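Number of protein chains: 2
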Amino acid sequence: MHSSLPKSIQDLVEYFSRLPGIGPKSATRHVFYLLQSSRYFQEQFGTALLRLSDNIQHCKYCFHFADEDVCSICSNPKREQEKLCIVETSVDILAIEKTNAFRGRYFVLGGVLSPMNGIGPQDIRISSLLQILEKSETEAIQEIILALPSTMEGEATAHYLFQKISNLSDNKKISRIARGIPLGSEIQYADENTLARAFEGRQIF
Amino acid sequence: MHSSLPKSIQDLVEYFSRLPGIGPKSATRHVFYLLQSSRYFQEQFGTALLRLSDNIQHCKYCFHFADEDVCSICSNPKREQEKLCIVETSVDILAIEKTNAFRGRYFVLGGVLSPMNGIGPQDIRISSLLQILEKSETEAIQEIILALPSTMEGEATAHYLFQKISNLSDNKKISRIARGIPLGSEIQYADENTLARAFEGRQIF
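Here the protein sequences line up with chains A and B, keeping their order.
Counting from 0, one number per residue, gives the positions in the first sequence under numbering that gives the first Met the number 0.
Counting from 0, one number per residue, gives the positions in the second sequence under numbering that gives the first Met the number 0.
Please note: incorrect hints may appear among the correct ones.
A pair counts as met if it fits within one copy or between any two copies, since identical chains are not told apart.
[What the hints assert, rightly or not] Here are the simulated DSS-like cross-link-like pairs (lysine-lysine), alpha carbons at most 27 Å apart as the crow flies:
id : residue 1 : residue 2
1  : Lys172    : Lys6
2  : Lys171    : Lys24
3  : Lys59     : Lys97
4  : Lys163    : Lys97
5  : Lys59     : Lys6
These are computed hints drawn from the structure, not numbers from a lab.
Keep in mind the model is a prediction, meaning the values are calculated, not measured.
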């Protein structure tokens with residue numbers, strides 16, 4: 000790569016290059032920026048990386064990232080208890096939160112069904128979700144909103160969940176967010192307005 | 000920012016956002032990529048950052064970054080001893096090395112003269128450069144190539160250096176790389192071909 004550089008710099012350039020969308024040129028730029036920045040910032044940054052996984056838990060209700068047992072959304076009494084939004088990943092929660100179009104609670108499935116990749120119902124959090132919905136304390140939930148990707152796998156997962164949840168109880172409304180989001184794309188990359196409109200236009204399953 | 004996220008994640012997103020050209024959205028993407036990557040990679044990356052400055056020295060001849068006293072370019076006997084290229088920063092060396100248009104040695108000035116910003120000859124490595132050129136062991140140097148930015152400050156610095164070096168000895172050729180590089184831009188952002196042509200077309204000062 001840059002054979003004239005010390006190994007410690009070359010290593011760091013290589014690590015930055017592995018991040019999504021960062022090529023060798025911008026990786027080098029980032030490392031030179033860090034070389035010129037304060038020792039304090041280098042240490043803060045390095046320590047944050049080293050300890051990244053140390054204090055992170057998954058919320059025992061929704062499986063979103065959390066500082067404690069329960070995440071800041073599930074522990075917030077102002078969130079609407081009667082709405083539960085099912086998402087694939089935690090990043091999807093961030094995107095939805097930015098729209099301010101939804102004030103209920105979430106559940107992170109941790110993936111979508113994908114027979115091609117060998118991902119079946121037991122590989123994602125479907126049984127945890129069904130257990131939660133069976134518990135008496137979640138009787139408050141009146142509507143379940145599916146906000147899964149509009150890919151083949153996301154659609155299949157939505158249909159599978161619809162069946163399973165309908166079997167559990169028939170007094171819960173099951174909806175999914177409108178197909179305002181472009182087909183074939185992931186929730187996390189949708190722009191805020193499209194995503195907000197998709198929430199408003201959600202349709203009863 | 001992302002108030003639903005644990006503080007350790009929010010901190011890291013903020014640190015990534017400070018890097019040049021990284022906004023909050025891509026910073027978040029990088030952190031989620033890291034959360035999904037192995038603990039081993041997180042530790043390698045974090046440790047590399049923490050130790051970034053520990054083993055890095057400046058070459059005692061050219062002031063490029065080095066693992067030891069002398070950098071890998073200055074210690075390479077195959078480099079042409081009769082050519083010395085003066086650059087503003089170490090990043091400029093990387094850009095020039097990639098072109099393969101120059102096989103001599105370098106000297107990193109560490110800045111350019113900028114009266115507006117209070118940077119005078121004593122704030123960059125002009126006296127170190129002149130000392131090196133005065134030493135008998137550098138008699139081998141026959142040509143000094145100025146590869147400074149084509150900005151006002153870079154031009155002024157080139158003229159200043161030309162005066163100083165001419166006063167020292169009149170048997171050294173002083174050239175500067177051709178203005179193939181777009182005016183007002185930095186050496187490090189030039190593309191390889193333009194930079195290679197600029198080396199070929201260098202003109203006697």
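Here is how each hint holds up against the structure:
1. Lys172 x Lys6: So Lys172 and Lys6 fail the 27 Å test inside a copy (59 Å) and across (35 Å) alike.
2. Lys171 x Lys24: neither (53 Å within a copy, 35 Å between copies)
3. Lys59 x Lys97: within (23 Å within a copy, 52 Å between copies)
4. Lys163 x Lys97: neither (30 Å within a copy, 59 Å between copies)
5. Lys59 x Lys6: between (43 Å within a copy, 18 Å between copies)
Against the hints set out earlier in the document, violations occur for numbers 1, 2 and 4.
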